[in-house]
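Protein chains in written order, with my numbering: chain A, 3 to 369; chain B, 3 to 369.
In short, the hints are calculated from the structure, not lab data.
Hints should not be assumed to be uniformly reliable.
[Unchecked claim] DSSO-like mimics (lysine-lysine), calculated; alpha carbons at most 30 angstroms apart, straight line: (1) A:K213 with A:K200; (2) A:K158 with B:K165; (3) A:K170 with B:K170; (4) A:K205 with A:K322; (5) B:K95 with A:K95; (6) B:K165 with A:K95; (7) A:K158 with B:K170; (8) A:K80 with B:K170; (9) A:K80 with B:K95.
[What the hints assert, rightly or not] Pairwise CB distance ranges (calculated): (10) A:Q201 with B:L252: 53 to 61 angstroms; (11) B:D57 with A:M93: 23 to 31 angstroms; (12) B:K80 with A:E267: 57 to 65 angstroms; (13) A:N43 with B:T353: 28 to 36 angstroms; (14) B:D83 with A:K95: 19 to 27 angstroms; (15) B:T353 with A:G159: 54 to 62 angstroms; (16) A:N43 with B:D57: 39 to 47 angstroms; (17) B:G94 with A:A55: 50 to 58 angstroms.
From the three backbone atoms N, C-alpha and C, an ideal C-beta is built for every residue, glycine too.
There are 2 protein chains.
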Amino acid sequence: MRKLDIKEIEDIALGAALLGAGGGGDPYIGKLVAMGAIKENGPVTLLEPEEVADDALIVAIAMMGAPTVLAEKAVGEKEYDTLRDMVSQFMGKEIDAVIPIEAGGVNSMLPIAACAHLGLPLVDADGMGRAFPELQMVTFTIGGINSCPMALTDEKGNSVLYKTISNKWTEELARSVTMSCGGAVSVALYPMTGKQLKQYGVKNIVTRSQKLGEAIRTVKKHTDDITPEEHFLKFSEGYKLFKGKISDVLRETRGAFNFGKVMLEGIGDYKGKEAFVEFQNENLLANVDGQILATVPDLICLVDAETFSPITTDALKYGKRVYVVGLKCFEMWRTEKGLELVGPRYFGCDTEYIPVEKRYKGGGANV
Amino acid sequence: MRKLDIKEIEDIALGAALLGAGGGGDPYIGKLVAMGAIKENGPVTLLEPEEVADDALIVAIAMMGAPTVLAEKAVGEKEYDTLRDMVSQFMGKEIDAVIPIEAGGVNSMLPIAACAHLGLPLVDADGMGRAFPELQMVTFTIGGINSCPMALTDEKGNSVLYKTISNKWTEELARSVTMSCGGAVSVALYPMTGKQLKQYGVKNIVTRSQKLGEAIRTVKKHTDDITPEEHFLKFSEGYKLFKGKISDVLRETRGAFNFGKVMLEGIGDYKGKEAFVEFQNENLLANVDGQILATVPDLICLVDAETFSPITTDALKYGKRVYVVGLKCFEMWRTEKGLELVGPRYFGCDTEYIPVEKRYKGGGANV
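Let's have the full structure, built from the sequences with the hints guiding it.
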């Protein structure tokens, strides 16, 4: 158990944005929301999963929708009250603690804001260990945990409660309403026991985000005799897939998702080479000179070539110099059930899943 | 108080289909569902509105979606249990009685089936006195009655509960989910007190439907010295707007609505004339030789030229010979608030509302 205060927020937001793999929202927006809530209500208690009682009621709180829209909408604190009341009423029980559903600039932060406002502890675990675009894409689905009763509310005061036959149906029906509500809404979902969380959650994700954020923030201050690039790849345990300049960004907002492709021209060691990264909110596939070097569910992260700050898909801009880095995903995603939910074919990428460390053929500064 | 048994059903379905003004679904499907439920569970008690206690909890039960889709989907009895349980749980109170939301071949019948299955009485009142395509288009909206908590369920077992800021928002968010569920779902909405129902409901609509149905069924057996046409116009209190042969039907299913236009070539007294009727699930506007003869909210009904059976918009077929008949709508629709909700301009028809009896210039056999 420890406290999350304002000074922890910046690093968590930064590290979570890296794990967002291009999605999960803008960490700047996210941290403002979390800091505002802590300033008003005081620090938030972060529990280790092992500190949660087996029969505790845990619920994930998140924003749902296209990150681009999400950045333009305000997040009202009364939305958290609505979500808590709806879930409690339907479960016939008070909520004991909150978890983030995914790691990402916004969706790692909103649960902290919700906890500050509701006076509830946050548990150091989520359902993805990264960000994914659809709500059934959580380790909890692998564990047979129901996303419902799920509560949804918008900033106008409309609210909807779901009980569905599958998590994929929850996604389908919640996505429709999200679009009708303007493209982004707040949700509370996957009410589960402490026992279920401990069995299927991705543990220590908040702490990992914070450490990653701290390392990125101080990447140029390290005292080892290695370059910042080498240092970044070491602490992130990343595979360097490409270094280049953004030459084009193709985007489309469709079905409350941001779809697109970013084109890159090689710089440094990669001069003369070309690459592209496809995304659906999150980065899905990295292709360098005609060869696929990484796919979902592994994390494909674009970071600024100077500062190593993560760049979300909605912040991609022509001319920006970036590294493309691959990170291993949580091991549960590499099982058959995991790949059914979030493998490359689910996203329409015509390739088998091959772990990034096997696709990686060397040539970078990976350690 | 009286009982609705199998023998009453056929006439109610037939008359309600006339009042459906082209919408409200296929009376053949509707009556099979209601008869099946009565056969299994026994007759349904029909209460006069005055027999309902002021503090009773009344709820409307209906199908939502495009009538064309509705005809192709099964209606499972367990859907009624789900709807009752959801509404009761959220209201914290048992439901005392059910009402139809509108008059129509299906939506007058499903509440009867629901009552038979749930062992609840039906009240002889609805919220339209005809059929309309959107759920906020009820006299209850004029009375400031909330459509929520509204429960929605599909045949697969998905269910959704709404609490919105306006009945128009309920429509918007329920329509999205209806489309995602395949185009037709079952809903329970407008939970209200007996007092509210008595104040704003369209009373005696079931009895009126039954009388109309009986008159249509026996239209050729009457003993007066008038023709069947004269007889039909007399008992329906209808204005004869046109008699013609269907020369074309334009259709489009869009946003879970059936949109379209039926073109007519005059026959009999109308030989050499042309007419068309525009619809959105229900008929919206009748135009004869370039002149608008009726618009919503007045009822525009197409009936078979031989049998006087109502023809729903999804049953319109090339070559069919029909009467186009105008019926006065419930008086509350003719107020300013009523016309805001269901006037011709709401439906995109570029004309003021002029009551059918004023637009009517004679020339027919109206009495």
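Hint check:
A threshold of 30 angstroms between alpha carbons decides the hint, and for K213 (chain A) with K200 (chain A) the separation of about 22 angstroms falls inside it, so the pair holds. Of the pairs offered as hints, the one joining K158 (chain A) and K165 (chain B) holds, with about 12 angstroms between alpha carbons and a cut-off of 30 angstroms not exceeded. In summary, the hint linking K170 (chain A) to K170 (chain B) is supported, as the alpha carbons are separated by about 27 angstroms, within the 30 angstroms threshold. A distance of roughly 34 angstroms separates the Cα atoms of K205 (chain A) and K322 (chain A); the hinted pair therefore is violated under the 30 angstroms criterion.
Distance check on the hinted pair: K95 (chain B) and K95 (chain A) sit about 19 angstroms apart at the alpha-carbon level, within 30 angstroms; holds. Taken as a hint, the K165 (chain B) and K95 (chain A) pair is honoured in the structure, with Cα atoms around 20 angstroms apart against an allowance of 30 angstroms. Only pairs whose Cα atoms come within 30 angstroms are accepted, and K158 (chain A) paired with K170 (chain B) is accepted, the gap being roughly 13 angstroms. A threshold of 30 angstroms between alpha carbons decides the hint, and for K80 (chain A) with K170 (chain B) the separation of about 22 angstroms falls inside it, so the pair holds.
Of the supplied pair hints, the one linking K80 (chain A) and K95 (chain B) holds, its CA atoms being roughly 27 angstroms apart against a limit of 30 angstroms. At about 57 angstroms, the CB distance of Q201 (chain A) to L252 (chain B) agrees with the hint of 53 to 61 angstroms. Checked against the hint of 23 to 31 angstroms, the C-beta distance between D57 (chain B) and M93 (chain A) comes to roughly 29 angstroms, which is consistent with it. Between K80 (chain B) and E267 (chain A) the Cβ separation comes to about 60 angstroms, which falls inside the hinted range of 57 to 65 angstroms.
A hinted range of 28 to 36 angstroms is violated for the C-beta pair N43 (chain A) and T353 (chain B), which are about 56 angstroms apart. Distance hint check for D83 (chain B) and K95 (chain A): the Cβ-Cβ separation is about 24 angstroms, which falls inside the suggested range of 19 to 27 angstroms. A C-beta distance of roughly 35 angstroms is found between T353 (chain B) and G159 (chain A), which places it outside the suggested range of 54 to 62 angstroms. Here the CB-CB span from N43 (chain A) to D57 (chain B) is close to 41 angstroms, well matched to the stated 39 to 47 angstroms.
Take G94 (chain B) and A55 (chain A): their Cβ atoms lie about 29 angstroms apart, and the range 50 to 58 angstroms is violated.
Checked against the numbered hints given earlier, the structure breaks hints 4, 13, 15 and 17 and satisfies all the rest.
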